[in-house]
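Colleague: Those sequence lines, one after another, are chains A and B. Residue 250 is where the first sequence ends in the working numbering, and the numbering goes up by one at each step. Residue 250 is where the second sequence ends in the working numbering, and the numbering goes up by one at each step.
Hints were generated in silico from the structure; no laboratory data involved. Computed from a predicted model, the values in this text were never measured in an experiment. Careful, some of the hints might be misleading.
When chains are identical, the list treats them as one kind, so a pair holds in a single copy or across two.
[As the list claims (entries may be wrong)] Only pairs whose alpha carbons sit at most 25 Å apart, straight line, appear in this in silico DSS-like list of lysine-lysine:
no.: 1; residue 1: K210; residue 2: K189
no.: 2; residue 1: K189; residue 2: K218
no.: 3; residue 1: K104; residue 2: K150
no.: 4; residue 1: K104; residue 2: K213
no.: 5; residue 1: K150; residue 2: K213
no.: 6; residue 1: K88; residue 2: K141
no.: 7; residue 1: K105; residue 2: K141
no.: 8; residue 1: K213; residue 2: K94
One-letter residues, chain by chain:
Protein chains: 2
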Amino acid sequence: MAEYSVASLERLIEQFERLPGIGHKSAVRLAYYVLSMKESEAEKFADSIIDAHKKIHYCKICCNLTDKDVCSICADENRDRSIICVVQDPKDVTTFERTKELNATYHVLHGLLSPLNGCTPDMLHTKELLQRLNNDEVKEVIMAMDGTVEGEATSIYLSKLIKPLGIKVTRLAYGIPVGADLQYTDEITLSRSLELRTEI
Amino acid sequence: MAEYSVASLERLIEQFERLPGIGHKSAVRLAYYVLSMKESEAEKFADSIIDAHKKIHYCKICCNLTDKDVCSICADENRDRSIICVVQDPKDVTTFERTKELNATYHVLHGLLSPLNGCTPDMLHTKELLQRLNNDEVKEVIMAMDGTVEGEATSIYLSKLIKPLGIKVTRLAYGIPVGADLQYTDEITLSRSLELRTEI
């Protein structure tokens, strides 16, 4: 009894399975969905993958993703160039932009220091950051990394490089999330929020 | 303050969002993952979409998906051609093949009767099924549809067309799933399993 299989379908399922968070069952569902699309739709999907890959590269100033020479934030003349917000990856830029609080520029490291995972200082885009600090314009660098050990280590490493240049280095405040239930907040977060308590 | 956006990235995210079960956050994650792939990997992904779409079509005998003229099951000489198992869609063929119980051929309807959703008899591949029944070889047609109202309706509709040809029409047994907890089994399933009770 020969097994039923369709090579091109198997290949498509395999490709979907490689994506993060997509298991075999989801991959099968997605592959069948792609087959049910109109041919023009499937071509559009495939094109968008190639297109994004071809056109998107790092902004030559802040290392964020862009399809131009310089990203739209670095190109924006209304941005305050005296503040640079340093983040781990491009997703974080989008997250900060959603708050509409920060009219600064960004610098994307594309990673955090993590010697155990093989991520060393020379693999982060710190050289580009230090080059940007060489002109007088920058007054403050905000370390906006994850509240993890790696985020902490990266903040400290960078601040040691930047402080000697006479530039103010700040970090995001630790504290309880807005709307949080105190009984579910861990002790370290609580003690940090006590340290940083503000007057009402 | 200009908003940060990268057109090709937005397009890629949009494309992922159209897939079933993929929300905005997953689409963003997948798009960034695609960007992080090597160029050759991304090309392979895009190619597999186009390729599957170009090469896969319906088997001219059973309407299952195949990249050949006739699918590997219909082409298999060891299959019992006297039994045809009628299923809703290609995924069901794979499901039955996994049981390794059925050495028959299949027929894929690509849908179930559902007048409310606009699926009428002429939209199912019943014409091809009836043509297959015109030779003397077929002795039994198994209705292997979902246990839903639509599955039921399709089974009854087809059996009314097939019985007059003097061919045996059977259906999957209703009953409790293996390993099921009786207290969570609905009454209709329970009464059906009582009706079909077998001697030990």
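Colleague: All hints are to be evaluated individually against the structure, with a verdict given for each.
Modeller: Here is what the structure says about each hint:
Taking the shortest alpha-carbon separations for K210 and K189, only the intra-copy value of 16 Å comes in at or below 25 Å, while the best inter-copy value is 82 Å. Only within a single protomer do K189 and K218 lie at most 25 Å apart by alpha-carbon distance; the minimum there is 6 Å, versus 85 Å between protomers. For the homomeric pair K104 and K150, neither the shortest alpha-carbon distance inside one copy (30 Å) nor that between copies (45 Å) is at most 25 Å. When the C-alpha separation of K104 and K213 is checked against a cutoff of 25 Å, the pair qualifies neither within a copy, at 38 Å, nor between copies, at 59 Å.
In this assembly of identical chains, the alpha carbons of K150 and K213 never lie at most 25 Å apart, being 27 Å within a copy and 69 Å across copies at closest. Taking the shortest alpha-carbon separations for K88 and K141, only the inter-copy value of 19 Å comes in at or below 25 Å, while the best intra-copy value is 31 Å. For the homomeric pair K105 and K141, the shortest alpha-carbon distance inside one copy (18 Å) is at most 25 Å, but the shortest distance between copies (37 Å) is not. Taking CA atoms no more than 25 Å apart as the test, K213 paired with K94 passes in neither setting, with 49 Å inside one copy and 46 Å between copies.
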